[in-house]
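Kindly generate the complete structure, drawing on both the sequences and the hints.
Take 76 as the starting number for the sequence shown in the numbering used here and just add one per residue.
Honestly, the hints are just simulated from the structure, not real lab data. Watch out, some of these pointers could steer you wrong.
Claimed, not checked - Distance condition first, Cα-Cα at most 25 Å in a straight line; then the derived SDA-like pairs of lysine to any residue:
id: 1; residue 1: Lys287; residue 2: Thr267
id: 2; residue 1: Lys119; residue 2: Val161
id: 3; residue 1: Lys302; residue 2: Gly252
id: 4; residue 1: Lys269; residue 2: Ile254
id: 5; residue 1: Lys225; residue 2: Ile86
id: 6; residue 1: Lys205; residue 2: Arg217
id: 7; residue 1: Lys154; residue 2: Lys211
id: 8; residue 1: Lys353; residue 2: Gly339
id: 9; residue 1: Lys140; residue 2: Glu108
id: 10; residue 1: Lys302; residue 2: Thr202
id: 11; residue 1: Lys147; residue 2: Ile136
id: 12; residue 1: Lys211; residue 2: Gly228
id: 13; residue 1: Lys303; residue 2: Gly339
id: 14; residue 1: Lys154; residue 2: Glu330
id: 15; residue 1: Lys353; residue 2: Lys192
id: 16; residue 1: Lys225; residue 2: Lys287
id: 17; residue 1: Lys211; residue 2: Glu275
id: 18; residue 1: Lys205; residue 2: Arg174
id: 19; residue 1: Lys278; residue 2: His343
id: 20; residue 1: Lys192; residue 2: Asn231
id: 21; residue 1: Lys135; residue 2: Ala195
id: 22; residue 1: Lys154; residue 2: Asp138
id: 23; residue 1: Lys198; residue 2: Thr101
id: 24; residue 1: Lys287; residue 2: Ile335
id: 25; residue 1: Lys225; residue 2: Ile83
id: 26; residue 1: Lys225; residue 2: Ala195
id: 27; residue 1: Lys211; residue 2: Lys353
id: 28; residue 1: Lys135; residue 2: Asn89
id: 29; residue 1: Lys353; residue 2: Glu120
id: 30; residue 1: Lys135; residue 2: Asp99
id: 31; residue 1: Lys303; residue 2: Thr267
id: 32; residue 1: Lys269; residue 2: Ile230
id: 33; residue 1: Lys192; residue 2: Asp149
Said to hold, decoys possible - Now the in silico label distances, taken between C-beta atoms and shown as ranges:
id: 34; residue 1: Leu356; residue 2: Thr97; range: 44 to 52 Å
id: 35; residue 1: Glu139; residue 2: Leu236; range: 46 to 54 Å
id: 36; residue 1: Glu142; residue 2: Leu268; range: 15 to 23 Å
id: 37; residue 1: Lys243; residue 2: Asp109; range: 56 to 64 Å
id: 38; residue 1: Ala264; residue 2: Lys154; range: 46 to 54 Å
id: 39; residue 1: Gly156; residue 2: Asp300; range: 43 to 51 Å
id: 40; residue 1: Leu199; residue 2: Ile230; range: 12 to 20 Å
From the three backbone atoms N, C-alpha and C, an ideal C-beta is built for every residue, glycine too.
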Amino acid sequence: MNKTSIIIDEIIINALKEDIGTGDVTTSTTIPEDKKVTGRFIAKEDGVICGLDICERVFKILDEKIEFTVNKKDGESVKDGEIIGVVSGNARNVLTAERTAINLLQRMSGIATQTSKAVAQVKLSGTKAKIADTRKTTPGLRALEKYAVKTGGGINHRFNLADGILIKDNHIAAAGGIINAVECARANAPHTLKIEVECETMKDVEDAVAAKADIIMLDNMSNEDMKKAVGFIGGRAITEASGNMGDKDLRAAAETGVDIISIGAITHSVRSLDISLKFVLEE
76 MNKTSIIIDE
86 IIINALKEDI
96 GTGDVTTSTT
106 IPEDKKVTGR
116 FIAKEDGVIC
126 GLDICERVFK
136 ILDEKIEFTV
146 NKKDGESVKD
156 GEIIGVVSGN
166 ARNVLTAERT
176 AINLLQRMSG
186 IATQTSKAVA
196 QVKLSGTKAK
206 IADTRKTTPG
216 LRALEKYAVK
226 TGGGINHRFN
236 LADGILIKDN
246 HIAAAGGIIN
256 AVECARANAP
266 HTLKIEVECE
276 TMKDVEDAVA
286 AKADIIMLDN
296 MSNEDMKKAV
306 GFIGGRAITE
316 ASGNMGDKDL
326 RAAAETGVDI
336 ISIGAITHSV
346 RSLDISLKFV
356 LEE
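See below:
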């Protein structure tokens with residue numbers, strides 16, 4: 076088992092512990108121990124599916140004998156009413172795992188769907204801009220949510236604080252300015268880490284370029300100012316548009332010439348895709 080698998084299993088086990096508590100009293104008191112069932116996962120709206128392997132793993136952790144088959148692959152579109160997959164096995168275990176499995180599948184599919192819509196908007200611009208996530212994720216679910224972003228066609232920003240240097244407004248204030256902050260970072264950090272600087276004004280951009288930052292984040296700037304900043308930077312650094320981008324015209328933002336548009340909303344404010352599990356009635 077690799078590191079990623081261990082992280083995912085930890086997420087699922089913690090979720091199951093949270094939901095089951097000391098036991099599923101409804102299921103254990105109403106369903107015979109040897110009862111078998113078959114259930115279909117059904118999309119209740121159009122979207123992009125994501126998390127099928129995670130969904131299956133939820134059931135397998137609780138009961139390895141449960142069978143799980145899929146009609147779709149992660150990243151594929153689903154239509155309202157479409158059967159996504161089928162689960163079958165011991166009724167008690169299927170019912171006990173049901174909510175955790177659906178919660179994760181819905182959440183990840185919602186993120187993939189929203190990311191796909193953002194990517195589609197940017198494609199209309201005909202630019203090179205890419206959609207990226209942020210660290211504004213649900214605590215404990217970051218690995219799954221960032222996977223969902225990639226499934227929807229986006230790219231991942233830093234996974235955690237160790238992944239790269241991102242000098243934001245409070246770092247700048249505490250360090251005594253952008254040039255000071257970048258110089259300190261370069262002197263103290265491994266050469267393998269890129270340095271990104273958050274800029275709110277053209278003066279900030281000028282300082283970031285002078286300090287030879289690798290990435291320049293244009294934070295909460297107007298499209299006009301971003302276009303001006305991109306022109307000034309002139310390819311000397313990767314450019315990233317940020318700041319409530321989920322509420323903005325992404326096509327217009329991309330047309331400013333930025334390389335990346337990072338959107339916190341695709342993970343922190345996304346609506347889960349509506350998916351249900353319906354048992355097949357015995358005849």
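These are the hints, each one checked on the structure:
no.	hint	in the structure
1	Lys287 - Thr267	15 Å, holds
2	Lys119 - Val161	15 Å, holds
3	Lys302 - Gly252	24 Å, holds
4	Lys269 - Ile254	15 Å, holds
5	Lys225 - Ile86	19 Å, holds
6	Lys205 - Arg217	20 Å, holds
7	Lys154 - Lys211	29 Å, violated
8	Lys353 - Gly339	33 Å, violated
9	Lys140 - Glu108	14 Å, holds
10	Lys302 - Thr202	13 Å, holds
11	Lys147 - Ile136	22 Å, holds
12	Lys211 - Gly228	18 Å, holds
13	Lys303 - Gly339	24 Å, holds
14	Lys154 - Glu330	32 Å, violated
15	Lys353 - Lys192	28 Å, violated
16	Lys225 - Lys287	29 Å, violated
17	Lys211 - Glu275	20 Å, holds
18	Lys205 - Arg174	34 Å, violated
19	Lys278 - His343	31 Å, violated
20	Lys192 - Asn231	16 Å, holds
21	Lys135 - Ala195	35 Å, violated
22	Lys154 - Asp138	30 Å, violated
23	Lys198 - Thr101	49 Å, violated
24	Lys287 - Ile335	18 Å, holds
25	Lys225 - Ile83	16 Å, holds
26	Lys225 - Ala195	14 Å, holds
27	Lys211 - Lys353	33 Å, violated
28	Lys135 - Asn89	15 Å, holds
29	Lys353 - Glu120	15 Å, holds
30	Lys135 - Asp99	17 Å, holds
31	Lys303 - Thr267	30 Å, violated
32	Lys269 - Ile230	17 Å, holds
33	Lys192 - Asp149	16 Å, holds
34	Leu356 - Thr97: 44 to 52 Å	31 Å, violated
35	Glu139 - Leu236: 46 to 54 Å	37 Å, violated
36	Glu142 - Leu268: 15 to 23 Å	46 Å, violated
37	Lys243 - Asp109: 56 to 64 Å	58 Å, holds
38	Ala264 - Lys154: 46 to 54 Å	48 Å, holds
39	Gly156 - Asp300: 43 to 51 Å	46 Å, holds
40	Leu199 - Ile230: 12 to 20 Å	18 Å, holds
Hints 7, 8, 14, 15, 16, 18, 19, 21, 22, 23, 27, 31, 34, 35 and 36, counting from the list given before, are not met by this structure.
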